[in-house]
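Student: Here is what each chain is made of, one letter per residue.
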Amino acid sequence: MAVLTVKDLDVKFHTPDGDVHAVKTVGFDVREGECLGVVGESGSGKSQMMLAAIGLLARNGRTAGSVLYRGKELVGLAQHKLNQVRGSKITMIFQDPLTSLTPHMRVGDQIMESLRTHQKMSRKEAYAQALATMELVRIPEGARRMRQYPHELSGGMRQRVMIVMATACKPDLLIADEPTTSLDVTVQAQILEIMRELKSKLGTSILLISHDMGVIASICDRVQVMRDGEFVEAGPIEDIFYRPKHPYTRMLLDAMPRIDRPKRPGHAVPAPMDRHRPVLLTVENMKVHFPIRMGGFIPKYKPLRAVDGVSFTLHEGETLGVVGESGCGKSTLARAILKLVPKTAGTVVWCGRDLDRESREELRALRKEFQIIFQDPLASLDPRMTIGESIAEPLRSLEAGIDKTKIEARVGEMLKKVGLDPAWINRYPHEFSGGQNQRVGVARAMILKPKMIICDEAVSALDVSIQAQIVDLILSLQKEFGMSLIFISHDLSVVRQVSHRVMVLYLGRVMELADCDSIYQDARHPYTKALIAAVPIPDPKLERAKPKIPLPELPSPLDTRAGLTFLKSKQIDDPDAEQYVPQLIEVAPGHFVAEHDPV
Amino acid sequence: MTPILPSERAALMNRAQNIKGRSLWTDARRRLFRNRAAVVSLAVLGTIALMAIFAPLLSPYTYEEADFSLVSCAPDWWRMETARCQAGGAHWFGTDAVGRDLFVRTLFGARVSLAVGLVATGVSLLIGVTYGATAGFIGGRIDEAMMRFVDVLYSLPFIFFVIILMVVFNRNFILLFVAIGAVEWLTMARIVRGQTLSIKQKEFVEAARAAGVSSFGIIRRHIVPNVVGPVVVYVTLTIPAVILAESFLSFLGLGIQEPMTSWGVLISEGATQMENAPWILAFPALFMAVTLFCFNFIGDGLRDALDPQDQ
Amino acid sequence: MHFYAVRRILGAIPTLFVIITLAFFMMRIAPGGPFDGERRLPPEIERNIAAAYNLDRPLHEQYLIYLGNLLQGDLGPSFRNRDFTVSQLIAVGLPVSLRLGVSAIILALFLGTTLGVLAALNQNRAADYSVMTVAMIGITIPSFVTAPLLTLIFGVYGVSIFGLDLSLPVGGWNGGALRNMILPVTVLALPQVAIIARLVRGSMIEVLHSNYVRTARAKGLSSYRVVTRHALRAGLLPLVSYIGPAAAGLATGSLIVEQIFGLPGIGRYFVQGALNRDYTLVLGVVILYATAIITLNLVADILYRVLDPRVKYD
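Chains as they are written, first to last, in the working numbering: chain A, 240 to 838; chain B, 105 to 415; chain C, 178 to 491.
These aren't lab readings, by the way, just hints derived from the structure by calculation.
Even for Gly, the Cβ is constructed at its ideal location relative to N, Cα and C.
No false leads were mixed into what you were given.
Dumping the calculated DSS-like pairs for lysine-lysine here, alpha-carbon to alpha-carbon at most 27 Å:
{"no.": "1", "chain 1": "B", "residue 1": "Lys306", "chain 2": "A", "residue 2": "Lys526"}
{"no.": "2", "chain 1": "A", "residue 1": "Lys807", "chain 2": "A", "residue 2": "Lys526"}
{"no.": "3", "chain 1": "B", "residue 1": "Lys306", "chain 2": "A", "residue 2": "Lys688"}
{"no.": "4", "chain 1": "A", "residue 1": "Lys578", "chain 2": "B", "residue 2": "Lys304"}
{"no.": "5", "chain 1": "A", "residue 1": "Lys645", "chain 2": "A", "residue 2": "Lys690"}
{"no.": "6", "chain 1": "A", "residue 1": "Lys607", "chain 2": "B", "residue 2": "Lys306"}
{"no.": "7", "chain 1": "A", "residue 1": "Lys502", "chain 2": "A", "residue 2": "Lys787"}
{"no.": "8", "chain 1": "A", "residue 1": "Lys578", "chain 2": "A", "residue 2": "Lys688"}
{"no.": "9", "chain 1": "B", "residue 1": "Lys306", "chain 2": "A", "residue 2": "Lys690"}
{"no.": "10", "chain 1": "A", "residue 1": "Lys328", "chain 2": "A", "residue 2": "Lys359"}
{"no.": "11", "chain 1": "A", "residue 1": "Lys688", "chain 2": "A", "residue 2": "Lys718"}
{"no.": "12", "chain 1": "B", "residue 1": "Lys306", "chain 2": "A", "residue 2": "Lys578"}
{"no.": "13", "chain 1": "A", "residue 1": "Lys688", "chain 2": "A", "residue 2": "Lys645"}
{"no.": "14", "chain 1": "B", "residue 1": "Lys304", "chain 2": "A", "residue 2": "Lys541"}
{"no.": "15", "chain 1": "A", "residue 1": "Lys656", "chain 2": "A", "residue 2": "Lys607"}
{"no.": "16", "chain 1": "A", "residue 1": "Lys311", "chain 2": "A", "residue 2": "Lys409"}
{"no.": "17", "chain 1": "A", "residue 1": "Lys311", "chain 2": "A", "residue 2": "Lys328"}
{"no.": "18", "chain 1": "B", "residue 1": "Lys304", "chain 2": "A", "residue 2": "Lys526"}
{"no.": "19", "chain 1": "A", "residue 1": "Lys246", "chain 2": "A", "residue 2": "Lys328"}
{"no.": "20", "chain 1": "A", "residue 1": "Lys263", "chain 2": "A", "residue 2": "Lys484"}
{"no.": "21", "chain 1": "B", "residue 1": "Lys304", "chain 2": "A", "residue 2": "Lys607"}
{"no.": "22", "chain 1": "A", "residue 1": "Lys690", "chain 2": "A", "residue 2": "Lys643"}
{"no.": "23", "chain 1": "A", "residue 1": "Lys688", "chain 2": "A", "residue 2": "Lys643"}
{"no.": "24", "chain 1": "A", "residue 1": "Lys787", "chain 2": "A", "residue 2": "Lys768"}
{"no.": "25", "chain 1": "A", "residue 1": "Lys645", "chain 2": "A", "residue 2": "Lys655"}
Partial list, derived from the structure: chain C residues whose beta carbon lies under 8 Å from chain A:
{"no.": "26", "residue": "Ala393"}
{"no.": "27", "residue": "Lys396"}
{"no.": "28", "residue": "Ala411"}
Make the full structure from the sequences, and use the hints.
Tutor: Below you can see the structure in the form of structure tokens.
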């Protein structure tokens, strides 16, 4: 018998702006010991479906249909009866582990709470069981962790704690709603590995909800593809990935960037680069340190080394990809280059001019030549300004004396170029989707026809299908206007698609810098290798056959030993001491690698 | 836990027909007018305001006309007893302890109380916005120092100083406005500073800086329009607090002086007459309570309209 | 943690200093003195009295003398009631006001919190709307309206339910008898009940919609447990920050309540002192209130940091 059988499940929301039909009469089942994946983009209703199934829907939602847990009907079940199933037989883990854990309770207490409520264990028994589960989930120093508070743990550790909480009672079904979306890719790989182990060791069925086909490919047995509240396709994993039938599924697979296949048919590729083109930008030993106040009667300050000695050059027409996980300093680097954030040391030379030596007025005039596209399309547009006004802003401030009709003409022209209807010039950002707003962001960055654009995670907040469109747009604009790009992203697959050269950052320092193919096919630094190995490939056979390269836990950036994580042999065991700075060595022409201990 | 609207669909539905966009203000206005309590409050408030403005035209009596033959008479439509009161004219709210018409006095009281409310709030708005915006925009050490100062002042029951001031300067009318306004500017400053800080950190401000917009330009075009919302809400909620503060002072004998009158004065007079002539307290108290209710409903409505939370 | 406390205490001292200075100079700037309105005394006697009160010295000297005395705990003699020192007068009035204030804050906290939590748990339903309406009434109707109203109902006309005589005395302290305290405490507490109810309701609603409460529910915990162990603590935290403003509100309210009910507390002394230009008395009361409120704010601040584990002590 299936563990969970869903039939004709229908979810509607009653909002002041009208009724929303989130889930349209869907049905599926989860079998014993299997992992079922539900994949869909934002707005597909996949999360709402599961919240409705276990009775956690918001108050304005209406559930209809049937959800059978081992034959027992859950829809409409009384709260206290539902509570016997929830948390012990069917458990759930959520996307954001920081806000999903109670901040004022110790982690251990939160874990033991489930055990004591559902299995009536005594404190001692619960403690022992909790420790045992922590070992299962590979959390070292379990006893110490139990006494900590959620905010004292890293993101990956918190998610592991959530998994412990969800598996301590040995549930039949674990529902995971985007469990790795807010985690770094290396941490994501570890969490997926843990989930795979749990499935085999405990025989727990897993329902995995995700928008990422690569994640689905790594642990699922069967897949349901969801769009707009309905399933468009379902089947065993090999069918879905190798023989997709529905056009939406095919579109999803097609749009997803693959780290092992940079060239996708029907999509743009970067224009060929000539390394003899003039140098636009030279960054030399850039450092950005923020003083962090430490406790004590007389406050002391410790430097947070967000960027700690980064150097590179950028040629005309070149795209430099900058990759790294959270805390590596890539966004800070971008802002420091554009002088939006003050730097602590280093030089930035633009077309031969040292930006530090420029007067305020001259610097302002120079801004015409470099622009930036931000990550969050809605946050980077002033909600009180029309999109026309937002796009025209750089024009108005940097091209003095330009008259109204000219401005409108140029904005209209730009709107057309980015694929938006010029008639929408007086609309407001909240009337558009994320993808359309990001096109507005592109238009704003392009309107002055700059020589360089920095894309700071410009596509990370978008659905995969939209992401592909925006990447194509940026590449085609680059082909037309010939500007250089600094493409910052944590997603190595996308970076491979657009870059000529790639720079890998870790805790503010450069680990490896080389041309695209060398990085992806011939990585030398252990961090680069681990990073590349961790990226999930939307191909089940390849994904599961991949070797797993473990990474040490991300150290605190305030700890001076952090910079020598890969060169432990030269490390002085004192968190405050001045440490050796690993040098960049040119192992092949144009291929630089930071010193590291041999693996 | 909001359901996510598939907004691609929504965008497709907006065909190129209407070029005019739907600004956030339009949205807010629509939401406000759907709030029944707020709409009713606006209507009631408007009526009271009109009555206050046209007070002299609405009654044959003036507010200081004392008719000692008609002392403490109940309203016309509630004449209970004495023949003494039958002789009187149209006293719709009755008369007070010295025979003045209560209806006119209530309306004149409305004038004064509403005026104090608006002017004192204006004072607090001016001081608070300037202070808060400066602190928020400059940031850093100066901001910290400025906010420390606010914290210091915040920890006092300011009304004590107002009382001292009123005593010291002999109940100066202008001083009343300034003093009461000075009580409320602290919270206004805090709100404005908080908003300024949070907007300063938003990405669209960074984008503006990358586009070369000057600091002044950023303040004018980005910060001010985005701060207006919460400020308007708070102003609507400050006015009733100010009216209350004025009535408080008047009750203690330190506010509006004779022969002018405000609701606070009327209520304090009425409180002493409560046993034998309850209407003297009832009508001004009713008017004041209703006005305060209306402002609160409108303020809440504005807050929900400008920043709709998930329910 | 201790460093934070010490720093805050040190920071509070200048605040107090500023307040004392401000109050002192404000009172002195005022025209008229403690002798106005009385029949004229012969000039020598006036001079003697002035000398006794140090009024013949230059202003800044008076200030320094006052500060010096203050440090020794001497608030000076009352200008009006020349037989008593300010400290003595305060000593008489303080217990009254203290009993009043503490009772009011306890009532306000319990009632307000209960109502607020009730409203939050029943959001947008009958209980919520009724609580919010009562709260609205409590905030908008001033105490000098509720006081006479309640006095009328319970005091003058008297209320009798089921043969139980619920009538209460109209005024007077009567040594703090319970029957005399009921009305004043209720009137004083009412606005605070309303504000606290609104505060708690808003905060609890936010917490009840948070992700970690969702997790707690997903863990199959009973509603009771979810609310008491997971939601309540974070939901009630803003109350701690409200202690200071609440005390300030009660201090302000006590001025009216003591006046109306004829209670011999320091609020009444303050008002009378202000009207009579009794400098030392007014100053003494202001200093007392200010010290109390600043201390409360300090305690609240430190308490907040202790209760919220996310805040890093700096």
